[in-house]
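S.K.: So the chains spell out like this:
Protein chains: 4
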Amino acid sequence: MNHFQARTDLALEARESVSDADSSLHGVIVNEEYDEEKDIRVTTVDITTKNGAKAMGKPMGRYVTIETPTLSEEDEDYHREISECIARIIHTIIPGREEMSVLVVGLGNREVTADALGPHVVDNLAINRHMLMEYGKAAYGNKKMHTLSGLETGVMGKTGMEASEIVKGVVSQIKPDIIIAVDALAARNTKRLNRTIQITDTGIMPGSGVGNHRNALTKSNMGIPVIAIGVPTVVDGATIVIDAFERLFEEENKVCNREYMEECRKALPELSNMYVTCKDIDAVIKRVSYTLSEGLNIALSEKS
Amino acid sequence: MNHFQARTDLALEARESVSDADSSLHGVIVNEEYDEEKDIRVTTVDITTKNGAKAMGKPMGRYVTIETPTLSEEDEDYHREISECIARIIHTIIPGREEMSVLVVGLGNREVTADALGPHVVDNLAINRHMLMEYGKAAYGNKKMHTLSGLETGVMGKTGMEASEIVKGVVSQIKPDIIIAVDALAARNTKRLNRTIQITDTGIMPGSGVGNHRNALTKSNMGIPVIAIGVPTVVDGATIVIDAFERLFEEENKVCNREYMEECRKALPELSNMYVTCKDIDAVIKRVSYTLSEGLNIALSEKS
Amino acid sequence: MNHFQARTDLALEARESVSDADSSLHGVIVNEEYDEEKDIRVTTVDITTKNGAKAMGKPMGRYVTIETPTLSEEDEDYHREISECIARIIHTIIPGREEMSVLVVGLGNREVTADALGPHVVDNLAINRHMLMEYGKAAYGNKKMHTLSGLETGVMGKTGMEASEIVKGVVSQIKPDIIIAVDALAARNTKRLNRTIQITDTGIMPGSGVGNHRNALTKSNMGIPVIAIGVPTVVDGATIVIDAFERLFEEENKVCNREYMEECRKALPELSNMYVTCKDIDAVIKRVSYTLSEGLNIALSEKS
Amino acid sequence: MNHFQARTDLALEARESVSDADSSLHGVIVNEEYDEEKDIRVTTVDITTKNGAKAMGKPMGRYVTIETPTLSEEDEDYHREISECIARIIHTIIPGREEMSVLVVGLGNREVTADALGPHVVDNLAINRHMLMEYGKAAYGNKKMHTLSGLETGVMGKTGMEASEIVKGVVSQIKPDIIIAVDALAARNTKRLNRTIQITDTGIMPGSGVGNHRNALTKSNMGIPVIAIGVPTVVDGATIVIDAFERLFEEENKVCNREYMEECRKALPELSNMYVTCKDIDAVIKRVSYTLSEGLNIALSEKS
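Just so you know, the protein sequences line up as chains A, B, C and D, in that order. In terms of my numbering, the first sequence is residues 65 to 368. In terms of my numbering, the second sequence is residues 65 to 368. In terms of my numbering, the third sequence is residues 65 to 368. In terms of my numbering, the fourth sequence is residues 65 to 368.
Think of the hints as simulated: they come from the structure by calculation, not from any bench. Take the hints with a grain of salt, since some may be wrong.
When chains are identical, the list treats them as one kind, so a pair holds in a single copy or across two.
[As the list claims (entries may be wrong)] Restricting the straight-line Cα-Cα distance to at most 35 angstroms, the calculated cross-link-like pairs of lysine-lysine (DSBU-like) are: (1) K255 x K207; (2) K239 x K283; (3) K102 x K207; (4) K255 x K114; (5) K114 x K208.
This is chain A alone, in the form it adopts within the complex:
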């Protein structure tokens, strides 16, 4: 069947969209692990060839997805088990040097609830660069440690600058070894919202998320590795309609061809500037951002 590829930031969803006939696809390796006790599924998608990248519509690299239905639910311990899972994955992706200077960039708009994930994650990090600059490692008992700094880039409407311009400038000044960029993502399917975490070593490409605040935070653009961590909190307005159509037609055993869908998209111009999110997004962002912060704090507080 001929699917229309709706917009998604998740490699997992991109993989699903690639047709079954291509399932022996060269250059896309999928590996899945499931922890039954904790109900955490970790899927690793490695895109290893240009053909694979083309088929997936994503750059070459590693995409690790954590799926856990409880992520956005209340938890006394703020889902420490998920934070620890995040930390483990970061350790496998991060280059191996013992003591690194890490700049965590919180992308997104603090004033728009569904887009405020990045800024909230930066709020709760155990930032230490200023202490290490002033007092040295003596302030921390001379143990080996990473240097951690954090940056909220704000939104283009208020800064007049691309997030990438601000990050590039700051990188040129403080010279970190690696960037970790955190952002709210757009999923294709509402079922993935607020229960999926994607960690990738490919950085963040433009044109996704709630706003267009993400212009090429990649190694080729920044000069240092960029790890991106994202959680889908919204679905694109047009995507939700297209997706609903598809499912409906599938149930009706009708064929829904791509041209028809494109027509449909054109018929819904006002949806292109809209997004769909859940009604308790404020509580979701508060909880998920805390779990992510803790994941980063665990990953970076000790030598990797």
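Since chain A is already given, all that's left is putting chains B, C and D on it; use the hints.
M.R.: Okay, now just chains B, C and D, sitting in the frame of chain A:
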């Protein structure tokens, strides 16, 4: 054609949903005025009979709608012309007493951008009750004036109380003559978002908006008249799909029957807890709330 | 020596201000316990007679003070040991009924950092009244439990109402068994700031704190017991000067008489509208409010 | 008389501290204008020699101070007359090029009310760089105009970076012609709070304000001119005591020598980390930041 009545808080949209055959509908009187120069359309829907209320799915009373395409756009003067239009309409709806005690209630959730309209409107009001209580009218040159107080009810998840319980308690204590409740609304059509203001003397009924924070702020419940002012900032998640289907089928000259639509709704269960809003909703709320505050300040700063 | 009694919300400081000659003071019983391991000092001041109340400038009742130098410092566990200490004290003060309806009131101004303690404490409570109203105790496995609701009163300049009016109204509507009011306090001595917690069964009297937002939240005014929990976060502007003078004169072995001090106060009129706070008050409020919320959650989550 | 020089960010106050015997001071030229109708006093202090800079404890350059008692008071028009005065002064200080790229930097901590002036000013600017980058001047009718971008640097405890590091990095990337830095200042005298605006072409030197967020935003450090705009919103905790002592001793006709004062300062160690501000600082910051934003918008919206 048999339309499915998607959820809307706007009497204007409810009227459109009622079939053409009923256009000579008894008990629903529509009057429209258009100011070409300012591009402001004011539509008054009076529901005068129980039959009219049943057909419309709205309680009997007056619903005045201001439609103006520039409402959410940037404006040096914060759309003073719209504020003045709001003030005029409030003057026609408000009971005639010269000096009243008015309690403005800001409904909604400050932490969810699209739902924060009410709290932001209360932030910018010219509250004077505490001054009048302490210094009397001498503080204002002994001129005739309304007494203005403001209340943000918060959200049930944080208070454990219905907004209506809090308002009823406060009303019993400070005994205002009238309540004006401000809230973000749900529209059926994305084209109405952020450009429509509805002012009604029927109060606010439960089950609408982004959250379910509005339990019967009505005269029969509160014991005093309740004027409600709302601006649609979201569309219900399921509604947007249903609406898109309808338009698509209309274009295709196919019949889209109600049963089919209900099936579709059932097929999209996860949408029932979701809403659609625009990407620059933070800027929209900031601007629109200011225009509404000014409308109330103008309406209430002088004797009506 | 003749001390001038500077303004303080702390019974502990009031006690210190009462002259040594009165140390056999009838009607004021002081009991102190110190946990060396945790470095937590708990002082209980019982004012049992009208004379005692007059001498102390505080109403009759019990004032328990927790002093711990680490309260506002960073702690991985958010000072769980202090939260547990708070819970124990609340259990000794709260009347003995097994299942109560408790309304927690967050006094103060969210927009002024040093005054935002109350609102932040309410933000992090395990509110359950709305769940119990809708689903009953079945939602919680039918175990015995308190019903918890929360209220942020806002500030008079934005509401036009006294906090006490709003609380009284809400109490009349939802009929809780007890009020717990949380507020930022004014200390006399900067050394007490952000390291002292006062818990009292006398409620909160007007005229203290950063703003004047606290008008008589007492049992006689509310009709139900009012427990007040406060942390001193500011010192009154005039008090700090007076206090500095006193200490200076003491060091100089000079007598600093009361009349002189009053003159000094008159000479500093602009200080009456000012307060003193520490530079990292944002981090302090974030941490301390969390420790207080947890104390309340522990105290109220199980049957007392 | 031998004054102790308490900490102040205001050249005006520094000038007052310089003893009368030095009033014929070379290298410090003071010029004052007073608009009686608007009650606005503009004082220009030019420090033209190294000796003058040493005597004043301020770098060489121009310091223009606007004093107006109504600055922080409510005003329907947000004190447009003051905004226009700010714009005029900026035009006299700014280098003469017709079309410049201007980066406005909002220093300070959004989470601490008295320190949030800079971030709030940036919130309300008419930022246009992103529009000009994407659409060119055609988007604005091809008229001559400045390019405006804005940056909030955050606080060191959350970023791990000096504000100056972030600004320097961003400057290296977007290459503006000039920086305008806005910050809350520390005054010596409470009478100056919230009614004084200082505009200088010397940039901002470290070690002042509420926090220590300002490390050398100067032309020599940044490579481009730095105009600094500040409003005193706090007085240093130790300063207020020292100042009160001085005034008291003056009234008593006693000599208050510097050594004595230093002793006093040592006796008050806990005050070094504290500041004094007024109780309605939230309303003050809201109003004053708006007046400053408008001043910048007027100054930069047209060719200078």
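S.K.: With reference to the structure, classify each hint as holding or not holding.
M.R.: Hints, verified against the model:
1. K255 x K207: between (44 angstroms within a copy, 33 angstroms between copies)
2. K239 x K283: Both, since 14 angstroms and 23 angstroms are each at most 35 angstroms.
3. K102 x K207: Classified as both; 33 angstroms inside a copy, 26 angstroms across copies.
4. K255 x K114: within (30 angstroms within a copy, 42 angstroms between copies)
5. K114 x K208: Classified as neither: same-chain Cα gap 39 angstroms, cross-chain 47 angstroms, threshold 35 angstroms.
The structure does not agree with numbered hint 5 stated previously, though it agrees with all others.
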